[in-house]
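Line by line, the protein sequences give chains W and Y.
If you number the first sequence the way the numbering used here does, the last residue is 145 and the count never jumps.
If you number the second sequence the way the numbering used here does, the last residue is 355 and the count never jumps.
Keep in mind that the hints are not guaranteed to be accurate.
Claimed, not checked - What the simulated footprint calls covered on chain W by chain Y, stretch by stretch (three residues with Cβ under 8 Å from a Cβ of chain Y suffice, anywhere in the stretch; the number is not a length):
#1 7 to 14
#2 22 to 33
#3 65 to 71
#4 75 to 88
Said to hold, decoys possible - Residues from chain W that face chain Y, not an exhaustive set, calculated with beta carbons under 10 Å:
#5 18
#6 19
#7 43
#8 96
#9 97
#10 103
#11 105
#12 108
#13 117
#14 123
#15 126
#16 128
#17 129
#18 131
These aren't lab readings, by the way, just hints derived from the structure by calculation.
Each residue gets a CB set at the ideal place from its N, CA and C atoms; glycine is no exception.
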Amino acid sequence: MGRRVVVLAVVLLQVGFVARAYWSDHKEFGFQMFPESSTWRADVVRVTADGRRVPVEQPWFGYRWDELVRDRGLRYPAFRHHADAGLDNQIAFLDAALDWVAGNTPRDRETRYLEATVTRWHNADRPRVEVLRSRMREGAG
Amino acid sequence: MNAAAIGLPRRVGGVVASLDELLGRPVSLRSLVVLRVLAGPAVLLHLQPFLSASLDGRIYSDAFYEPYAAWYPELPEALYVGLLWLAAVAAVAMSIGVLTRVATATVFGIVAYNLFLSTTHFHNNRAYLVVVLGLLAVAPLGRATGPAWPLWLLRFECAAVYGASGLSKLLDPDWFGGTVTWQRVVRARADLEGWVLPDWAVSLLTDRTFHTGAAKLIVLTELFIALGLWWRRTRYAAVWVAVVFHLTIEASAAVQVFSYLAICVLVVWAVPSTRDRVLRLDPASARHRRLGAAVRALDWLARFRVEPAPPGSALEVVDRDGTRVRGGPAVAFALSRLPLTAWFTLPVLLLPAVRRAR
């Protein structure tokens, strides 16, 4: 009985993960390899309390974007990159990275939020532009 | 109630009983032991970037990461780094056979914990490694034989990886139509031209029409591996194609431990019985003795019993079904059943002279 339950559970879980990969961003255990040839780039800026838009390529308060965000192809967002695990995956990571940076730069007293203007090329489709924003930071300005 | 309504529960009961017998049948777990030995290096390769970063004083939480769940426990840096090193030590122990059950469970626990620490840690090869380690951890590998269900689950997972990947490409018109591969190659044209490829090959690889066919070949290859592994008549071909497939991927993309791991997992498709073939050698023949030594050293799956034959006898292999093969074809057959030499010698079995000898 026990082994039947274990085998059935593993098989159903795996089939469930494979199905879920068709709509989830990160496709965990969905094994969709090399899913797209899509590319993307983004202009990421800090929007300060006085309305300035400062590119994150410029260090601020001792922080550097390329040290804060090292992984998942996000280190140099201004360059056009291949979206290794698909565009949805890549954009979800960028969105989460904006929030993480907003929440983990306590010396920064001027940034209200971070904003990324993302150009995404899905395979051979025409480019689409979208804007992502981090959560608002408290105490800026 | 009609006869059909009475018969259905009986049939369902019969299927469940057959399935239960299949899952519980005692089989040789030798292939899982071999996989456990081979999985150790995969774990070390997987841990290498984490350990390397820790030596530089960096861990995942020093830069952007994204927990899957707020409740997931995060350890102090020293403890986290200590766990990674413990996993590395346990991976070595797992491979060399020291405290194997504890070592395998430890490796699985730490690798899985690390994977689920952050969405940024997730990669398909790491997921596959966790699945393999999990199944190795629950399999009773301390015994010569054990219930078949861990082996069946590993086979299922192995096929699922190829099946899921192939199906996702089959259902995506951009993939199946060749757009995805064509664009990837065109963007890498500068790299291609940097290789030693002749101009005509570069032109062919960057031609849109070529990818209309090539993409279908890739998708069908993945699906062939996923399905072909399940049938004995196609299994050797599927394994052979899978090795080529992974070597091609390894040469053209950065996939961390995926190629190595996926090739290692293919051992689970060996028939789970041991010493059921006989290799008869003339101890007086130096050539026979060399082959015997090679078979003893490379027969990791314990396919053969090596027995002495009368002086002057031809080299002979007796297969499971009693079929006898002698001379050169016997050498090819024996080498085709050893993990390290199988890929090179399986095509030899297709030669007419070898086929006639069987």
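Hint-by-hint comparison with the structure:
As drawn, the stretch 7 to 14 of chain W meets chain Y at 5 residues by the rule of a beta-carbon pair under 8 Å; at three or more, the given contact holds. Note: the stretch 22 to 33 of chain W has 6 residues with beta-carbon separation from chain Y under 8 Å; the three-residue rule is met and the coverage holds. Coverage of a stretch by a chain is defined here by at least three residues with a beta carbon nearer than 8 Å to that chain's beta carbons; for the stretch 65 to 71 of chain W and chain Y the count is 1, and the condition is violated. Coverage of a stretch by a chain is defined here by at least three residues with a beta carbon nearer than 8 Å to that chain's beta carbons; for the stretch 75 to 88 of chain W and chain Y the count is 4, and the condition holds.
With its C-beta approaching chain Y no nearer than about 5 Å, residue 18 of chain W sits inside the 10 Å limit, and its interface hint holds. Interface restraint check: residue 19 of chain W against chain Y, minimum CB-CB distance 8 Å, threshold 10 Å, status holds. A cut of 10 Å between beta carbons decides the hint on residue 43 of chain W: the least distance to chain Y is about 8 Å, and the hint holds. Residue-level restraint check for residue 96 of chain W holds (minimum Cβ-Cβ distance to chain Y is 8 Å; threshold 10 Å).
Because the closest C-beta pair between residue 97 of chain W and chain Y is about 7 Å apart, less than 10 Å, the hint holds. The beta carbon of residue 103 of chain W comes within 9 Å of a beta carbon in chain Y, closer than 10 Å, and the hint placing it at the interface holds. Among the interface hints, the one on residue 105 of chain W holds; its C-beta lies about 7 Å from the nearest C-beta in chain Y, closer than the 10 Å criterion. Hint status for residue 108 of chain W relative to chain Y: holds, with the closest Cβ pair at about 8 Å, below 10 Å.
Among the interface hints, the one on residue 117 of chain W is violated; its C-beta lies about 16 Å from the nearest C-beta in chain Y, farther than the 10 Å criterion. With a least beta-carbon distance of about 16 Å to chain Y, the hint placing residue 123 of chain W at the interface is violated under the 10 Å criterion. The restraint placing residue 126 of chain W at the interface with chain Y holds, with a minimum CB-CB distance near 8 Å, inside the 10 Å limit. Interface hint status for residue 128 of chain W: upheld, as the beta-carbon distance to the closest one in chain Y is roughly 5 Å, under 10 Å.
Restraint check, residue 129 of chain W versus chain Y: the minimum CB separation of about 9 Å is within 10 Å; hint holds. Interface restraint check for residue 131 of chain W: the shortest CB-CB distance to chain Y comes to about 14 Å, outside 10 Å, so the restraint is violated.
Hint violations for this structure: numbers 3, 13, 14, 18, all remaining hints satisfied.
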